[in-house]
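S.K.: Residues per chain are reported as follows:
There are 2 protein chains.
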Amino acid sequence: MIATIRKVYERYGFSPLETPALEYVDCLGKFLPEADQPDAGIFAFRDEDDAWVALRYDLTAPLSRYVAMNPDLPRPFRRYQVGPVYRLEKPGPGRFREFYQFDFDSVGTNSMLADAECCMVMCDALEALGIERGDYVVRLNDRKVLNGVLETIRSDGAIENRTAQDVLLTIDKLDRIGIDGVTQLLGEGRKDESGDFTRGCRLSPGQIDVVTKYLMAEGATRAKLCDALEKLVGESEVGRAGVDELRQIDAALASAGYDEDRALIDPTVVRGLGYYTGPVYEGVLTFAVVDQDGVAREFGSVFGGGRYDDLVERFTGHKVPATGASIGVDRLLAALKTLGKVDTPATTAAVLVTRLDKNLTGEYQRMVAELRGSDLNAELYVGNQSIKKQFKYASDTNKIVAIVAGSDEMGAGEVSIKDLRLGVELSKEVGADRKRWLESQPAQFKTKRENLVACVKEVLARYGGPSRNPA
Amino acid sequence: MIATIRKVYERYGFSPLETPALEYVDCLGKFLPEADQPDAGIFAFRDEDDAWVALRYDLTAPLSRYVAMNPDLPRPFRRYQVGPVYRLEKPGPGRFREFYQFDFDSVGTNSMLADAECCMVMCDALEALGIERGDYVVRLNDRKVLNGVLETIRSDGAIENRTAQDVLLTIDKLDRIGIDGVTQLLGEGRKDESGDFTRGCRLSPGQIDVVTKYLMAEGATRAKLCDALEKLVGESEVGRAGVDELRQIDAALASAGYDEDRALIDPTVVRGLGYYTGPVYEGVLTFAVVDQDGVAREFGSVFGGGRYDDLVERFTGHKVPATGASIGVDRLLAALKTLGKVDTPATTAAVLVTRLDKNLTGEYQRMVAELRGSDLNAELYVGNQSIKKQFKYASDTNKIVAIVAGSDEMGAGEVSIKDLRLGVELSKEVGADRKRWLESQPAQFKTKRENLVACVKEVLARYGGPSRNPA
Numbered sequence: 001m002i003a004t005i006r007k008v009y010e011r012y013g014f015s016p017l018e019t020p021a022l023e024y025v026d027c028l029g030k031f032l033p034e035a036d037q038p039d040a041g042i043f044a045f046r047d048e049d050d051a052w053v054a055l056r057y058d059l060t061a062p063l064s065r066y067v068a069m070n071p072d073l074p075r076p077f078r079r080y081q082v083g084p085v086y087r088l089e090k091p092g093p094g095r096f097r098e099f100y101q102f103d104f105d106s107v108g109t110n111s112m113l114a115d116a117e118c119c120m121v122m123c124d125a126l127e128a129l130g131i132e133r134g135d136y137v138v139r140l141n142d143r144k145v146l147n148g149v150l151e152t153i154r155s156d157g158a159i160e161n162r163t164a165q166d167v168l169l170t171i172d173k174l175d176r177i178g179i180d181g182v183t184q185l186l187g188e189g190r191k192d193e194s195g196d197f198t199r200g201c202r203l204s205p206g207q208i209d210v211v212t213k214y215l216m217a218e219g220a221t222r223a224k225l226c227d228a229l230e231k232l233v234g235e236s237e238v239g240r241a242g243v244d245e246l247r248q249i250d251a252a253l254a255s256a257g258y259d260e261d262r263a264l265i266d267p268t269v270v271r272g273l274g275y276y277t278g279p280v281y282e283g284v285l286t287f288a289v290v291d292q293d294g295v296a297r298e299f300g301s302v303f304g305g306g307r308y309d310d311l312v313e314r315f316t317g318h319k320v321p322a323t324g325a326s327i328g329v330d331r332l333l334a335a336l337k338t339l340g341k342v343d344t345p346a347t348t349a350a351v352l353v354t355r356l357d358k359n360l361t362g363e364y365q366r367m368v369a370e371l372r373g374s375d376l377n378a379e380l381y382v383g384n385q386s387i388k389k390q391f392k393y394a395s396d397t398n399k400i401v402a403i404v405a406g407s408d409e410m411g412a413g414e415v416s417i418k419d420l421r422l423g424v425e426l427s428k429e430v431g432a433d434r435k436r437w438l439e440s441q442p443a444q445f446k447t448k449r450e451n452l453v454a455c456v457k458e459v460l461a462r463y464g465g466p467s468r469n470p471a
Numbered sequence: 001m002i003a004t005i006r007k008v009y010e011r012y013g014f015s016p017l018e019t020p021a022l023e024y025v026d027c028l029g030k031f032l033p034e035a036d037q038p039d040a041g042i043f044a045f046r047d048e049d050d051a052w053v054a055l056r057y058d059l060t061a062p063l064s065r066y067v068a069m070n071p072d073l074p075r076p077f078r079r080y081q082v083g084p085v086y087r088l089e090k091p092g093p094g095r096f097r098e099f100y101q102f103d104f105d106s107v108g109t110n111s112m113l114a115d116a117e118c119c120m121v122m123c124d125a126l127e128a129l130g131i132e133r134g135d136y137v138v139r140l141n142d143r144k145v146l147n148g149v150l151e152t153i154r155s156d157g158a159i160e161n162r163t164a165q166d167v168l169l170t171i172d173k174l175d176r177i178g179i180d181g182v183t184q185l186l187g188e189g190r191k192d193e194s195g196d197f198t199r200g201c202r203l204s205p206g207q208i209d210v211v212t213k214y215l216m217a218e219g220a221t222r223a224k225l226c227d228a229l230e231k232l233v234g235e236s237e238v239g240r241a242g243v244d245e246l247r248q249i250d251a252a253l254a255s256a257g258y259d260e261d262r263a264l265i266d267p268t269v270v271r272g273l274g275y276y277t278g279p280v281y282e283g284v285l286t287f288a289v290v291d292q293d294g295v296a297r298e299f300g301s302v303f304g305g306g307r308y309d310d311l312v313e314r315f316t317g318h319k320v321p322a323t324g325a326s327i328g329v330d331r332l333l334a335a336l337k338t339l340g341k342v343d344t345p346a347t348t349a350a351v352l353v354t355r356l357d358k359n360l361t362g363e364y365q366r367m368v369a370e371l372r373g374s375d376l377n378a379e380l381y382v383g384n385q386s387i388k389k390q391f392k393y394a395s396d397t398n399k400i401v402a403i404v405a406g407s408d409e410m411g412a413g414e415v416s417i418k419d420l421r422l423g424v425e426l427s428k429e430v431g432a433d434r435k436r437w438l439e440s441q442p443a444q445f446k447t448k449r450e451n452l453v454a455c456v457k458e459v460l461a462r463y464g465g466p467s468r469n470p471a
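Chains A and B, in that order, are what the protein sequence lines are.
In case it helps, our numbering puts the first sequence at residues 1 to 471.
In case it helps, our numbering puts the second sequence at residues 1 to 471.
Heads up, some of the hints might be wrong.
Copies of one chain are not kept apart here, so a pair can be met inside one copy or by any two copies together.
[Said to hold, decoys possible] With a Cα cut of at most 16 Å, we get these calculated EDC-like pairs of lysine to aspartate or glutamate:
#, residue 1, residue 2
1, Lys90, Asp49
2, Lys90, Asp50
3, Lys213, Asp180
4, Lys392, Asp72
5, Lys224, Asp244
6, Lys7, Asp375
Think of the hints as simulated: they come from the structure by calculation, not from any bench.
Predicted model only: the values in this text are computed from it and were never measured.
Just need the whole structure built from these sequences, with the hints factored in.
M.R.: This is how it looks when you write it as structure tokens:
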């Protein structure tokens, strides 16, 4: 999966970079949704010089630090990176405190072309993994539009920056609590099923109405939705800038042939992280899966990103516009497993050379060396158990062929080759032709020692050949 | 480099595994050389439940924890793993507090065949990376031999376990402080260049003499060195067991054709980590490099490992013998760079489609899509700079070809293709034939739009074709 995605990133000219898992806390910033609790959500501790060090919670903040420290990088600086990130929180089902992200970013350009490209890369990556068009969609929005909408209602009661942030985080919960929940949280507050009360943003009913209209905005095409949003932002300068950015992204997507079946504008997409400044996007798998409560629901977001024009400035004082996106590797892997699109082989070697007679180990070593020399992954049994347990080991580790040779066989210049799959195959219900074919394939046969490699390859060919080994 | 090593590990039937970077401190143990300072050398902190959590300092302790938690794994359990590990210490030159290890292990077998295999895998991996036979050697020893030697001198004054451990750590410093330094540290102590005094193991002169004899033991072959060691361990049971293990490894190496030019027995190899119980080995690069003080010295150890039969028992109470080895990835990479055996390309895309006229962006997008569709890594310039700066960007990012098309060219159904390397090539001193060849290759030429892909491939072919892109 990683290799496939890497290929797509490289197709677009992104190059690999690695940064350390540990950063000084100052360099990480506090851009997680829980921004008001210092150090909340991250693994932080003091190093031997008493400096605060933490495990990265994403790959974007470290990238910004890296760019700031290397001012001579070409601009745009286009890199990809894959690695674990860490969040100190109780993870939900199927989520972990250590998980993999796989990012690509363009740093040093304010062109919306770079944002459009993020959406295209997401589409290409998902399709390269075998997810069919229609089973996924990229949902796209611009935070400036929401800010514009909030500006229009500022006269109708003070909407401070603080409240604007709360509104954004409230909208980010739409998937979980639904539009009614969001409406309650935009007002006085909301009591959840457990009876816990969450204080709301305390907007007036008129203000809530405007935000709700924004969330419900619709259009048959991206262009028409932009028209609708333009009306909602009225004279707000930031709002109009946001709509203009969406129009530019729309145009770039359209001329590259990424139409509404692959990339939609969706006003409800805001993304929780605090550093996004303009366009935001997420790749969503739209097919239904049954969750742990037995309810069928959309698989959901596996890819997310956006523009963060102010993040590098934190380190340098110079504005360096940037945009990028990130895959949640573990979630995407779970999705691919659900779809049966990924195969995790239990073993890398298809051949086991057994050690029937420990005194013949030198001979067995020469056999396994010969197999390896012929481009086969082959394992020599290095345990001390009986031949029966060796066969069990071969089947437990998913081998296809076992080689057996005792002193009699060796004396006659022969070895035995055992097809470990054939028994399993024979036990399956098969048609007459297939049955005849199987019966013509001996499950174990002797051959001259010098034919070892050829015969092993012959048996492997019954099951797709040695190429079945992962690269 | 990682891919090459992975292939060797898989040839032997090792399969990939990943474990988290964070472990509970109890699971890591204290097997670093600084074992007497609890938590020294590791990044440890408390999680939200107040449990002590730490970053792994190697991949072996987490593997043992994993095996203990998964009792139904096939035995031997043979896995490889690559990933960062962390040590909280002032790193020496060329070393880091976060660095990569690349391990392979066989867990659940006490057969010396598994240890011999470790040595063979080391040799094969180094040769697969292009390091020639003679430029490396695997040095092999068994801790039980040293323990046996110490037993023989126990009657000549108490050699407690504690002292035995000190002797081992003293020998581990041989590379740095030389045999004289070791002799001093085996006795009363040693004053280093800075005048600091380190307290010694306080062995008697007679005891020191025996240990020195052991360190100086020689033999023309592995077998003959075993004979010499056998004399030194006398009647010690553990010592004789150690020599016997070395003989078994020698036999397995010999029958696989790994002779003294590749794998030596070296009594001075002890490896610092506290969990090794028997055979230990390291892969050493023997060619000279000039260090930061201008002194030529052996590049040194890039690979190390050994048997750790007691580590899994710590978690389960059941003895699970195990053995394995680990590459220091960063050091090996540095070695390969020194040898010119590794090439780190600055970029993954060889082609840049420039944007001379921003109004033609849609056309440029179609061009870049066509190139990508023809299996080329191609980048669309997504910045907002002039064409001159775009060419500088192309050269800064190591592109080979730039595509340029203004409205005139587009109107005539043409594009310009610029060979960015040709100028550089022309400036080099060349023979008459080569010069004529270069002159026949236009540095920039126009072609029909429909010939874009073919012409780009033609130019790339001048420099080894698109395959120059890393996979």
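S.K.: If you test the structure against every hint from before, which numbers come out violated?
M.R.: none
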